[in-house]
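Enquirer: In order, the protein sequence lines correspond to chains A and B.
Residue numbers for the first sequence follow the numbering used here, so the first one is 1 and each next one is one higher.
Residue numbers for the second sequence follow the numbering used here, so the first one is 390 and each next one is one higher.
The reader is advised that the hints may include incorrect statements.
Straight line, CA to CA, 30 Å or less: simulated DSS-like cross-link-like pairs of lysine-lysine [unchecked claim]: (1) B:Lys419 - A:Lys163; (2) A:Lys385 - A:Lys187; (3) B:Lys597 - A:Lys163; (4) A:Lys20 - B:Lys610; (5) A:Lys70 - A:Lys385.
The following label-pair restraints were derived from C-beta to C-beta distances [to be verified]: (6) A:Lys284 - B:Gln516: 27 to 37 Å; (7) B:Lys597 - A:Trp166: 55 to 65 Å; (8) A:Ala188 - B:Gln576: 50 to 60 Å; (9) B:Lys629 - A:Gln324: 32 to 42 Å; (10) B:Asp595 - A:His318: 47 to 57 Å; (11) B:Asp577 - A:Thr79: 37 to 47 Å; (12) B:Asp598 - A:Gln324: 43 to 53 Å; (13) A:Ala84 - B:Glu558: 19 to 29 Å; (14) A:Lys383 - B:Asp577: 54 to 64 Å; (15) B:Thr514 - A:Lys20: 51 to 61 Å; (16) A:Lys20 - B:Asp598: 17 to 27 Å; (17) A:Arg285 - B:Gln516: 45 to 55 Å; (18) B:Lys603 - A:His119: 42 to 52 Å; (19) B:Thr514 - A:Gly92: 39 to 49 Å.
Just so you know, these hints were derived from the structure itself, not from any lab.
Each residue gets a CB set at the ideal place from its N, CA and C atoms; glycine is no exception.
Here is how the chains run, residue by residue.
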Amino acid sequence: MRFLLCLIAVLGLTFPTSAKQVETISIAFVSQKVERPPVLSNLIEPPDDLGVQGALLALQDNNTTGRFLKQKFTLETITLAEDANLQQAIDGLIAKGHNLFVLDLPSVSLQSVLKQTEHQDLLFFNSRAPDNALRQQACDIRLLHTIPSRAMLTDALAQYLVKKRWKDWFLIQGPHDDDQKFATSLKASARKYGAKIVTEKIWNGGRDAYRSAQAEIPLLTQGKDYDILMVADELGDFGEYMIYRTFDPRPVAGTQGLFPTAWYWTQEQWGALQLQNRFKKQAKRPMTARDYAAWAAVRTIGEAATRTNSKDFATLNHFMRSQQFELAGFKGRKLSYRPWNGQLRQPIALTAAHSLVTQAPIEGFLHRYSELDTLGFDQPESKCKEFIQ
Amino acid sequence: MKRLILATLLGSTIIASDLWASTAFISNEKDNTVSVLDLGQMKVTRTFKVGKRPRGIILSKDNKRLYICTSNDDTVEIYDSVNETKIGELPSGADPEQFALHPDDRKLYIANEDDALTTVVDVKTSQVLAQIDVGVEPEGMAVSHNGKIAITTSETTNMVHWIDTQSHELFDNTLVDQRPRYAVFEQDDSLLWVSSEIGGTVSVIDVKDRQIIKKINFAIKGIHKDRVQPVGMRLSHDGKYAYIALGPANHVAVVNRKTYEVEKYILVGRRVWHLEFSPDEKLLLTTNGVSSDVTLIDTQNLKAVKSIKVGRYPWGIAVKP
């Protein structure tokens, strides 16, 4: 910063539309920590403030805008341990009058909250759970999703690989439930876009990639010819070890190698650099997809409050879901919610560890309404019954 | 290429004598350089090094000094526009992107994108005169021709902030569509044009009551509406047209200022950012970020006549007569 600036007093603001009282819009942010199972590579520890930092940044954005409209936003954050009583915490927040929630919860906890919370005049933002089921059979009218579904992620990847004509996939999936869900989603995307899984194997947790990757992986990846090795390893257990160790010289994609994500530090176009910088200044680390999803949720509330000039729950809830709603999310497209399942439509980044490869939807995959709806569950295939179509 | 033919055509018809002497300076965001484009020869004659991430670029009213926002150096650099040597720096606040010079040739209004501030600097004394709180990610800057009003648009707050240049206080805010990027006053200061990049619209605002009187939409055959992202604008002095750069739609829209109808879309390079006229307004120059070139548009025939390679990610243009 320039030294001169600190000498200057910041001037006050005038509000020409005055008479109005300051309105307060309160948001509850609930996060839950989950014990990470042991993984083979212990080099990278995930930060312990994922999600909440995104919400805090958006709160600041909302309040900067709110000053001009006499709106004040507050965020009550609760972080729970894995074995804490989540429902009690949620009920407590409802009793305090909260009706806008950002839930940074793993899928199981989120589903349990939806089941156990009877109150209907609530809005939950799912900023963490990518489960396809939550957008389909297990959808809930009170729930909007700012984190992309796995289907959106795997569709994004499939579009790019099909465009590259890398259509024959060798799939290796890990032993965990989430790995299986990712693999299932990959297979659905392969069907949707005309790729083929030529070989499918399970990474059995017994192998120690750290010690024997050099010997194990060539053996595991030997066989029928393929274009690209797809890994389904959401925990980051073995996927990284596949790179450069396959029997044939083949690239790696999926959860590692070239991976799809809602947000990663390699995104800098479309003003993303500004968001990355503001986030880094605040959190002292790069912004992740979970942070971005929490940011988008709190910004959605802010944007609805700005445009409607209201704090009324029904007004905000209605506006966010309407066709008038649009959110500038630093991805080069305006973002909005799908009326058939509450999913935030958004471009997906396809990135390698240190460089952005491309952003989906990939040019050429057309849609009658919005190309963004080529990613994930489109209206005709929606199994979500709760939403009025 | 078609371009070649057009260039020959141009050579014989529209080059006015003053083009021979005029020079365009183009800031190259990813090269940390400025390309010097001789409009008479229609080629880049020199390139000189500047600070990090140069974006906003303007000339002093007497055309002797060139001001450049070097965003990643948190400063505004000043160059002698004749010999292209650096003659000074101004305190700009953090991450300056766009700026506008007051008609007094002294007060420079700078948007500090990372800090939600507009900084006002006296270019003669290098003193910061004021810092004004505005919305999140201030970007577009403009000063009215009569010098009374300064404008900041904030990209994430989505507002046009109206600043009284006497008191340096905000006196109004106008909500516009998503990501307002650029603002420009009509010659008589009656209207303000504001482009919204993600909203895909241009709002024409009455300066008297700060109300939007017209919202302009764009539709280009074969290009999805989400890719139509208006950014830079220029209004011709004859009052006829507004030229609007449409970003990744790779076109410049020509809008009739009486009817607000789009009369034409002119294909230029990829991701067109900002625009500037030649001194006689017979040419309009566009910076094309992704294709790293500048397109010259013949404003009499409303046709692109030539594209000229410059540095990586050309951002802004200033033209010296």
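Enquirer: Now, for every hint given, state plainly whether the structure supports it.
Expert: Results of checking the hints against the structure:
With a C-alpha separation of about 29 Å, the suggested pairing of Lys419 of chain B with Lys163 of chain A holds against the 30 Å cut-off. Restraint check: the Cα-Cα separation between Lys385 of chain A and Lys187 of chain A comes to about 24 Å, which is no more than 30 Å; the hinted pair holds. Annotation: proposed proximity of Lys597 of chain B to Lys163 of chain A is violated, straight-line Cα distance about 53 Å (limit 30 Å). Between Lys20 of chain A and Lys610 of chain B, the direct Cα distance comes to roughly 45 Å. Violation of the 30 Å bound is thereby established for this hinted pair.
Simply put, Lys70 of chain A and Lys385 of chain A have alpha-carbon atoms about 39 Å apart, too far for the 30 Å limit, and the pair is violated. The hinted range of 27 to 37 Å is satisfied by Lys284 of chain A and Gln516 of chain B, whose Cβ atoms lie roughly 33 Å apart. Here the CB-CB span from Lys597 of chain B to Trp166 of chain A is close to 60 Å, well matched to the stated 55 to 65 Å. For the pair Ala188 of chain A and Gln576 of chain B, the supplied restraint of 50 to 60 Å holds, since their beta-carbon distance comes to about 58 Å.
Look at Lys629 of chain B against Gln324 of chain A: about 34 Å separates their beta carbons, and that is inside 32 to 42 Å. For the pair Asp595 of chain B and His318 of chain A, the supplied restraint of 47 to 57 Å is violated, since their beta-carbon distance comes to about 30 Å. For the pair Asp577 of chain B and Thr79 of chain A, the supplied restraint of 37 to 47 Å is violated, since their beta-carbon distance comes to about 57 Å. The hint said 43 to 53 Å for the Cβ distance between Asp598 of chain B and Gln324 of chain A, and at roughly 24 Å that hint is violated.
A C-beta distance of roughly 49 Å is found between Ala84 of chain A and Glu558 of chain B, which places it outside the suggested range of 19 to 29 Å. Between Lys383 of chain A and Asp577 of chain B the C-beta distance comes to about 59 Å, which sits within the given range of 54 to 64 Å. The supplied range of 51 to 61 Å is broken by Thr514 of chain B and Lys20 of chain A, whose beta-carbon atoms lie about 40 Å from each other. Here the CB-CB span from Lys20 of chain A to Asp598 of chain B is close to 19 Å, well matched to the stated 17 to 27 Å.
Look at Arg285 of chain A against Gln516 of chain B: about 37 Å separates their beta carbons, and that is not inside 45 to 55 Å. Remark: the range hint 42 to 52 Å for Lys603 of chain B to His119 of chain A is upheld by a beta-carbon distance near 45 Å. Restraint check, Thr514 of chain B to Gly92 of chain A: a C-beta distance of roughly 58 Å breaks the suggested window 39 to 49 Å.
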